[in-house]
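There are 2 protein chains.
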Amino acid sequence: ELVRAMDDFFKENESLRGVKVLVTAAGTVEPIDPVRYIGNRSSGKMGYAIAAEAVSRGADVVLVSGPSALIPPEGLKEFIPVESAREMMDAVLREAEDSRIVIKAAAVADYHAKEVADQKIKKNDKELTLVLEKNPDILFELGKRKKEGQVLVGFAAETQNLIENAKAKVEKKNLDYIVANDVTKPQAGFNSETNLIKLIRRDGSIEEFPLLSKRELAGIILDRVIEEKKIQKI
Amino acid sequence: ELVRAMDDFFKENESLRGVKVLVTAAGTVEPIDPVRYIGNRSSGKMGYAIAAEAVSRGADVVLVSGPSALIPPEGLKEFIPVESAREMMDAVLREAEDSRIVIKAAAVADYHAKEVADQKIKKNDKELTLVLEKNPDILFELGKRKKEGQVLVGFAAETQNLIENAKAKVEKKNLDYIVANDVTKPQAGFNSETNLIKLIRRDGSIEEFPLLSKRELAGIILDRVIEEKKIQKI
Numbered sequence: 001e002l003v004r005a006m007d008d009f010f011k012e013n014e015s016l017r018g019v020k021v022l023v024t025a026a027g028t029v030e031p032i033d034p035v036r037y038i039g040n041r042s043s044g045k046m047g048y049a050i051a052a053e054a055v056s057r058g059a060d061v062v063l064v065s066g067p068s069a070l071i072p073p074e075g076l077k078e079f080i081p082v083e084s085a086r087e088m089m090d091a092v093l094r095e096a097e098d099s100r101i102v103i104k105a106a107a108v109a110d111y112h113a114k115e116v117a118d119q120k121i122k123k124n125d126k127e128l129t130l131v132l133e134k135n136p137d138i139l140f141e142l143g144k145r146k147k148e149g150q151v152l153v154g155f156a157a158e159t160q161n162l163i164e165n166a167k168a169k170v171e172k173k174n175l176d177y178i179v180a181n182d183v184t185k186p187q188a189g190f191n192s193e194t195n196l197i198k199l200i201r202r203d204g205s206i207e208e209f210p211l212l213s214k215r216e217l218a219g220i221i222l223d224r225v226i227e228e229k230k231i232q233k234i
Numbered sequence: 001e002l003v004r005a006m007d008d009f010f011k012e013n014e015s016l017r018g019v020k021v022l023v024t025a026a027g028t029v030e031p032i033d034p035v036r037y038i039g040n041r042s043s044g045k046m047g048y049a050i051a052a053e054a055v056s057r058g059a060d061v062v063l064v065s066g067p068s069a070l071i072p073p074e075g076l077k078e079f080i081p082v083e084s085a086r087e088m089m090d091a092v093l094r095e096a097e098d099s100r101i102v103i104k105a106a107a108v109a110d111y112h113a114k115e116v117a118d119q120k121i122k123k124n125d126k127e128l129t130l131v132l133e134k135n136p137d138i139l140f141e142l143g144k145r146k147k148e149g150q151v152l153v154g155f156a157a158e159t160q161n162l163i164e165n166a167k168a169k170v171e172k173k174n175l176d177y178i179v180a181n182d183v184t185k186p187q188a189g190f191n192s193e194t195n196l197i198k199l200i201r202r203d204g205s206i207e208e209f210p211l212l213s214k215r216e217l218a219g220i221i222l223d224r225v226i227e228e229k230k231i232q233k234i
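Those protein sequence lines, which keep their order, are chains A and B.
Last residue of the first sequence? That's 234 in the numbering used here, and every number before it is there in order.
Last residue of the second sequence? That's 234 in the numbering used here, and every number before it is there in order.
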């Protein structure tokens, strides 16, 4: 009886055994000077939950994370802390090479300061103009380089036109799935323990979920990814 | 013997009994849009250490804190979480009214975005210009309103001309002490458990300390504040 229970336990938890899963999490930080930066409100909770869930299913998980107050889940193959979008891109493109599943939950800054001051900027002027320059689009680069059999999942944190913006992203970035969440909804999105998401597939179909914990949603996202025949063939 | 040990214990820990101490900590967050913000690298560790040390000495401690991953110390009279510099100023000027000691360890953003977008800014342009407007100078306002018998302590996180910048601040902002630290030094400043500080008094004298834990430095700063005859008269 015990043997059988353990067998079931391991079967359930081995659905990603030997599969390399790359997860990105938290927000990037773009320095303005040694003290100040442009950040965003991603806590990392969704990405860390996905990484933890993938570990519990036996995957070889690499987690690339921007600065976060969270403790990385145990059992990772590798934890790669990064700061800026450009640092994140370097790590992600390198690790994506041999990953079967890539889940990009990080909130990457779209812009960085064109000039980063070496010294703390002294506040003498009433107004200050900051010129920002576009960051590389990591998800777009991943989509361009996507290998046969690789599953690419993106996230879209939107405050308006959620579905349209998310569908456009699936196309443009060559994704298999996009997880869309409206960060203006209470108990959804940034720093919340729960999330309210829609899962949009490449074929345009939309699955809606009720308010669930980020860990439960992590399980659902991985279930859907595993259902893809690409992964079943492993 | 036990009674005497307890007596000593309480004596040591009651040096601020009944004294209202206002401490500010962590960095402020200035929104650019619902997702992005300008932040700074203060973790809040120095301010939280001062608040904890003041509580352990019997003070009525009000801690006004920007977003931080830290758990507020137990035994505070009040914990007031804020986000922007303007929110921090409102709370601080209100609470400073009847505080005997005000220690401003927070790293307040000098500028906020002139226009905050209601919706997430879509990244279409190669460059983006952000116009920033100066924030109110909370420490200057505190110095202007300083009451007879109130001790005001500021912090100066500098990356160059540490002493000159700090001395100018003492004068301009009507401070009793300024705690200056060079955040470019390893193991000093932001997010470190230790700090390397110089304590500059109103009379221009400078005390230098070796690398110490932030909690030890909190004790030293409070010792110096208590030595002021203003507080001894309480």
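Mixed in with the good hints, there may be bad ones.
Heads up, the list lumps identical chains together, so a pair's fine if it works in one copy or across two of them.
Unchecked claim - Listed below are the simulated SDA-like cross-link pairs for lysine to any residue, each with C-alpha atoms no more than 20 Å apart in a straight line: (1) Lys173 - Ser205; (2) Lys169 - Asn124; (3) Lys114 - Arg94; (4) Lys114 - Glu133; (5) Lys114 - Val131; (6) Lys185 - Pro31; (7) Lys114 - Glu127; (8) Lys167 - Pro67.
No lab work stands behind these hints, which were simulated from the structure alone.
| query | Which earlier hints turn out false for this structure, listed by number in ascending order? | reply | 3 and 8
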